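Model the placement of chain W on the given structure of chain D, informed by the hints.
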Amino acid sequence: MVDRIADPWGERTPYGPGQQWPVRVDRYLADGRADADVDRWVQSASVLHSNGDALDIGVADGRIVGVRGRAVDRINRGRVDPKDLYGWQANHSPDRLTRPLVRDGGRLVETDWDTAMGRIVARSKELLDGPGGWGHFGFYTSGQLFLEEYYTLGVIGKAGLGTPHMDGNTRLCTATAAASMKASFGTDGQPGSYTDVDHCDAIALWGHNVAETQTVLWMRMLDRRRGPNPPAMLAVDPRATPVAREADLHLAVRNGTNVALMNGLLREIIRRGWYDHDYVDAHTVGFEELRRIVDGYPPSRVADICDVPAADVERAAELLGTSQRLLSTVLQGFYQSNQATAAACAVNNLHLVRGMIGRPGAGIYQMNGQPTAQNNRETGADGDLPGLRNWDNERHVEELARLWNVDVDTIPHWAPPTHAMQIFRYAEQGSIKLLWISATNPAVSLPELHRIRQILTRPELFVVVQDLFLTETAELADVVLPAATWGEKTGTFTSVDRTVHISDKAVDPPGEARPDLDIFLDFAHRMDFRDRDGQPLIDWSGPEEVFEAWKECSRGRPCDYTGITYEKLRGGSGIQWPCTDEHPDGTERLYTDGQFHTDPDYCETYGHDLVTGAEFTEAEYRAKEPSGRAFLHTVDYQPSPEVPDDEHPLLLTTGRTVYQFHTRTKTGRAPQLNQAAPDVWVELNPTDAAQLGIVEGDLVGVSSARGAIQARARLCGIRPGVVFLPFHYGYFDQDPADRTPRAANELTITGWDPVSKQPLFKVAAVAVAKLADGRGVPSPAPTVGGSAPPPGANVPPTVGGPTAEATSGKE
Amino acid sequence: MHLAHYLGLLHRAQVNLADAFRQVADAHAEEPDIEHLCQQQAKRCDAHAEQLHPFVVRYSEDAPDEPDRLYSQLFTGTRTGGIGLLRDLQDLYLMAAECDITWTVVGQAAYGVRDQDLLAVVRRCEGETAIQLKWLRTRMKAAAPQALVVAE
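Order-wise, the sequence lines are chains D and W. Quick note on numbering: this note's numbering labels position 517 of the first sequence as 517, and the sequence is numbered without any gaps. Plus 1000 on top of the position in the second sequence (first one is 1) and you've got this note's numbering.
Isolated chain D, as found in the complex:
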């Protein structure tokens, strides 16, 4: 038995370079059940992070009773993240929405589906009537639906209503990953494979606390680290995360200075001859410009800007420059920070100049934060066109028009699809009048929450929320639609390394809750969207039909699914796209021949100026003659839009704990997870805390120019001058009459990267002050993860106890 709350990563199964990662099957069955008590196992994959771990759902008496990892799967080889071990219990939570709600007389009251959908359709038809009607609709979706649901929503929005105002909360988590890959390689699509961990001799983690965000990937890295010939490890993170503590070298940079660091590292690598001349000459564009810019970042200057020792910059460059099989992973420390796209492109540059791409061990993971973010990007329910097509390429748009049998001008392609923050701005200004939010919770997750609440409560704005629970966002809606969740519906989704999994329906949804796909299809049917010949635009009735239609949309594009069927996905391992007749088993790595997706007729973007976001034209792009070469985009460092001052002298960064996901909609309702991290805390460096007269457990106020919150202090290994707040904590489980401000996003700034449009969650200036004495009671921060107190601190360890006992072993 293993308590996976006390030890989220479980027992080590060490292995050496080039060996297969050993199997370890994790399992958790509630209420003391054993395998014999399970009626059937239903195939699925994980949905409480982005790793894509394959697992089976155990069902007894028509209810989910537990999960176990799938030993056959390439991604996890049987392992399960603690959030997935325990999180499924939220499906059974007594406060699940079971009937639609509509706002009557200022209150949400239960109703039937006909009434709820009738209201949405009546308002939609009214808004659509007249020129510019399309512009009154906004859709804000998720990184947690299934591929089939996104694609259907994408067709409804783009070909039915004809609106460009569609985005996902993927904008908050993964937009920079997509933007950087489009910029460097021509299209979105992860070059690497998770098996690169098996082969690499160095791992660099750029702003990526993988130990808490993708625990199974971290297990794989730890198993290499404990085996023979382990890979070297570099961590760049202002916090002393488990990754930083494990790494051979930790650069605790000042938030918002990633570009200066990357430029400095590239300078050293070039000056010391650690780059691959032949690869650069044959496969890249822009090396001389890169060399010219990075030359202005000697280690001493990087040390000044980033506040790390110059010698460590040189050591890091040596670690990166002398490796033979370098693996990089990138996440929110880069994506949600200053100069996000430029910094993520710089990681791509590092791999391109060293020729570290497209072979075993030489990989890049531009990560996702959520399980199905990749699918939102592929299918075009967010700020992209389906099939990773280029909105500025008329021929790409014509392909979609032919596929959907609509006029090409029905599909909005006069500008890029509207990004999330701009959608909310249009709603604030009143031109968007219907905002449909599915499977996400902007009233907790978007920046500057007082503003978001104001927008959502505008009487002129008709808000539809589709969710499992009455979230902080749903409370403000005009219509609330009860949705089925994972385990209650069938669909597919795709991991960071392009592995497609199926998730089959195991049990019925509660009450009248319906799969999101059924809701979208019902809307399309009631709106009676028609194609150019007067036939129904959307005639699908279930997920497999949608999947088959999607395959046609993906044909010939990087994310080609045409060789995948539901049948093929059942029983074995997941399959990596592109999967075609020629590559029926999928494709492990992209760009193995150094040929990138930059052909002007194929690429997903004609490119941007990374400083302003100015778009280049097709003619300008063609003039660069990329001919399948990758782009080395390089810019100078510029300070963040907000930096500390006398009034707000500290920098706030936000992030996750291993025990919670998103806004705790599910994890906050799984007892073991919730008890491990029950309430917000604020992390302070002991030096800063001492100056402020704060000790462990004290109640402190954290304030910015936009708001203030309260949290108990955890003194730990975060760098001086920086404070950390987990972003999970909202208000749904507080007494509505007595809600104490505690959401990190009360403080964050409304601002975004000029290219990826990803909000800047990592660089708000804040002030911290003690509000009340903790009287010796420690903060509710877990002792596991980035919030671990220093050795010797008198803080009881985070444990799960008897109800968290899981099994784990070789089978």
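No false leads were slipped in.
Footprint (simulated), chain D over chain W, 3 or more residues, beta carbon under 8 Å:
#, stretch
1, 1025-1034
2, 1129-1138
Take a look, some chain W residues computed to stay more than 12 Å from chain D by CB distance:
#, residue
3, MET1001
4, ARG1022
5, GLN1073
6, ILE1101
Hints listed in this document are in silico derivations from the structure and should not be mistaken for laboratory results. Since the model is a prediction, treat every value here as computed from it, not as a measurement. Glycine is no exception: its CB is placed at the ideal position from the N, C-alpha and C atoms.
Just chain W now, with coordinates in the frame of chain D:
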């Protein structure tokens, strides 16, 4: 030699554009990208003006009287709202376009006078002005349909 007048024209155009960027940033602070990028581009214009200044001084020593109607007024303050933003960005676009063509003219004169130092400044700065034009066009293209067709 009339180069001094064109250098003065360009210098003043850069100063005016910097000022207009700042006014637009302040007036449309509720559009965070506009505010941030206008402030950033104002600084670029400052730097352009600073780099031009020594040449303005050097060539003014032997300049004849200033010709008539050298300067024109392109900006008379900001507006509010969705269309107001579009019009303000359009003003910035026209001012940046004036800078853009003036860099070209001054660059040609720099060839004529064989001034490598001036030519180097022109080469450094004209590309940044071109990016300003591109950014303004990109932003206006995205904003135009909503402002002109959808908003009331």
